[in-house]
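Residue numbers (full-length UniProt numbering), protein chains in the order written: chain A, 1 to 211; chain B, 1 to 211; chain C, 1 to 211.
Rather than coming from a laboratory, the hints here were simulated on the basis of the structure. Fair warning: this is a prediction, and the values are worked out from it, not measured in the lab. Please note that a few of the clues may not be correct.
Heads up, the list lumps identical chains together, so a pair's fine if it works in one copy or across two of them.
[Claimed, not checked] Calculated lysine to aspartate or glutamate pairs in the EDC-like style (CA-CA distance at most 20 Å, straight line): (1) K31 <-> E154; (2) K30 <-> E149; (3) K31 <-> D178; (4) K30 <-> D178; (5) K31 <-> E149.
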Amino acid sequence: MPTSFASAQLALDLVGVFVFALSGGLVAVKKRFDLFGVLVLACAAALGGGIVRDLLIGAVPPVGISDWRLLTAAALGGLVTFVYHPGVERITRFVRVLDAAGLGAFAVAGSLKAVTTLGVSPVAAVLVGIITAVGGGVVRDLLAGQVPEVLRRELYAVPAMLGAVLVVVAAQLGSLQDWVLWTAAGLVFALRMLAVRLDLNAPTPLRSNVT
Amino acid sequence: MPTSFASAQLALDLVGVFVFALSGGLVAVKKRFDLFGVLVLACAAALGGGIVRDLLIGAVPPVGISDWRLLTAAALGGLVTFVYHPGVERITRFVRVLDAAGLGAFAVAGSLKAVTTLGVSPVAAVLVGIITAVGGGVVRDLLAGQVPEVLRRELYAVPAMLGAVLVVVAAQLGSLQDWVLWTAAGLVFALRMLAVRLDLNAPTPLRSNVT
Amino acid sequence: MPTSFASAQLALDLVGVFVFALSGGLVAVKKRFDLFGVLVLACAAALGGGIVRDLLIGAVPPVGISDWRLLTAAALGGLVTFVYHPGVERITRFVRVLDAAGLGAFAVAGSLKAVTTLGVSPVAAVLVGIITAVGGGVVRDLLAGQVPEVLRRELYAVPAMLGAVLVVVAAQLGSLQDWVLWTAAGLVFALRMLAVRLDLNAPTPLRSNVT
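Next comes chain A alone, as it looks inside the complex (with noise of 0.2 Å):
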C-alpha cells in the first residue's frame, strides 16, 4: 500500500475505532455496567469491526488486536465516556451520530483496505467495507442484548453500501485519493444522519399478508 493510503487508512481506523467505543461504552453505561463492562463494550465495538475484516482478506493478526495506537484510542474512549456521559435521554441521541460517524469512517477504511489487498476482489472488497461498518455496532448490540441497529427500521445498511462503491470504484479509475476517502466517509455519515432526522424508513412487509 502507497504512504498516503496507509496514512489516510490509520487516520480513518483511528476515528471509526474512537467514535464506536464512545457509542459502545455509551450502551454500557446506559446498560448500568460497572468501568470494566464499559471497558470491554467499548473496545468491542470499537476493535470488532476491523477485526472481521482483517480476518476476512486474511490479515492476520488483526491491527484492532497489534496495533496499540487503535487500542489505545479505544480504551481511552470508553474512558472519556464512563467519565463523562450524558443524561439517559440523550444517550440514545447521541449514540446514533457517533454510531453514524464510525459507519462512514468504516465503511470507508473497510474497503479501502480490502480493495488494496492482494486476492480480494472489487465486489468483495464492497461487501467488506459494509461489513467493517456494521459490525462493530452489531457486537455492541449482541452484547448488551439487544436487536442490531441495522435491522431495525430506517436506512443503515445503504449509505454504508454506497461509500464502500465509491472507494471501490475509484480504486479502479486509479483515482484513489485522500480527499477522494474523507468525502466518502462524509457521505455516509450524511446520508445515514438525514436518515435519522427525516425518519426515513425502507418499506416494511405488508401488514395485511402477515395476520
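Dock chains B and C against chain A, hints included.
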C-alpha cells in the same frame, strides 16, 4: 479439487444459500423489520455458515463475500421473501422446512470443501460440516434475538453430523461421487424433517434433579 | 514451540476446555435444553475461545476442531453435566467456579500460544490471551440468551489480563517455565474467585449523572 466436485460444491452452496436466505428473510418479516433489515438478515443467515467455514479452513477471502453468484442468490432470497411471504402462523412452519433443506445442503457443502482442503483432518472436516450447517441458523437467530434453533428441543445437530460423516467416509474410501453428495444432503433433510414431524426429542435433564 | 511448552499448552487447553464444557452444560441444563442442546452448548463454550484465538493468530484449522483430545474433553464435559448436575440454585455458583478456572487456564493458554507464534507482538499476545479467556463464556452466554458475564458487575477481564501480562513478560525475559504458567493460571483463578466471594465490584457510572 476435481472439476466435478467443484460444480457439486457450487450447486450445494447455492441451494444452501438460497434456502437459508428465505429462512432468514421470513424471520425478519415476522419481526417486522423493513426492506433492508430483511435483506441484511437474509444475507447474514445465507452467507454466515459458509463464511465461518472458509475462515476455519483458511480459505480467505471467503466465497460468501467474493462469489457474486452466492451474493445474488442471497439477495434474491431476501427479496422474494419480502415481496411474497405467507401469513405469520405459517411462517414458523416454512422456516423449519427451509432450515432443514439448508442444513442438508450446508452439512455436505461444508464437509466436502473441508475434506478436499489440504491439511484438514477427517475429524476436523466433520466438525466444519456441522458448523457450516448450523452456523447460518445461529447467526439468524442471534441477530433476531431468539435462542438458536440448534439449542432448542428436537434433534438438530445430529442429522448434520451424520451427513458430514457420510461425506468424509466416502472421501476416505475414494468414492466421492455426485450422487453420494446429493444422497447425503437428502438424508440430512429427511432426518431433520422426521424429527420435526414426529416431534422427536432428545432426552432432557431429569426434572427432579433440578428443583 | 519447544516440547515442554507444547505439553503445558495441551494440558492448559484440556483443563480450560473441560471446565468450560461443564459451565456451558450447566447453563444449558438450567435453561432445560435437551441432551443435544446440552452437548452443543458445552462444546461451543469449551471450544469457542480457542477457535477465536487460532483464527486471530492465523493457526488454521484451529485445534478446537482438529484435535480429537480437545473435542473428546468438550463432549465428555457436556455428558457429565447432563447425567450428573446439581440443583438449580447451586448451578449458578458452580458455573462461577468453573468459569474462573477456565478463565485462568485459557488466559495462560491463549497468551502462551500467541507469544510463541511468529509475528505476534507482545501487546497482541496479551489481547489474544484475554479474548481466549473470555471468549468461551461470551459464546455460552450469547447462545443461551443472557448478557455475557464479562459485562456484568464484578471484576472479570482484569484477572485474565494480569495472567496474560505475566506470561508475556516471562516470555520477554526468556523465563517461560511450566511452573510460571501454572502459577499464572492459578493466580487468575484466585483473583477471580476473590472478586466473586468478596463481591468486589468496579465503580459504576455516577447515578446522578444518568437521570
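Note to self: For each hint given before, does the structure comply? Return the numbers of the non-compliant ones in rising order.
What the structure shows: 3 and 4
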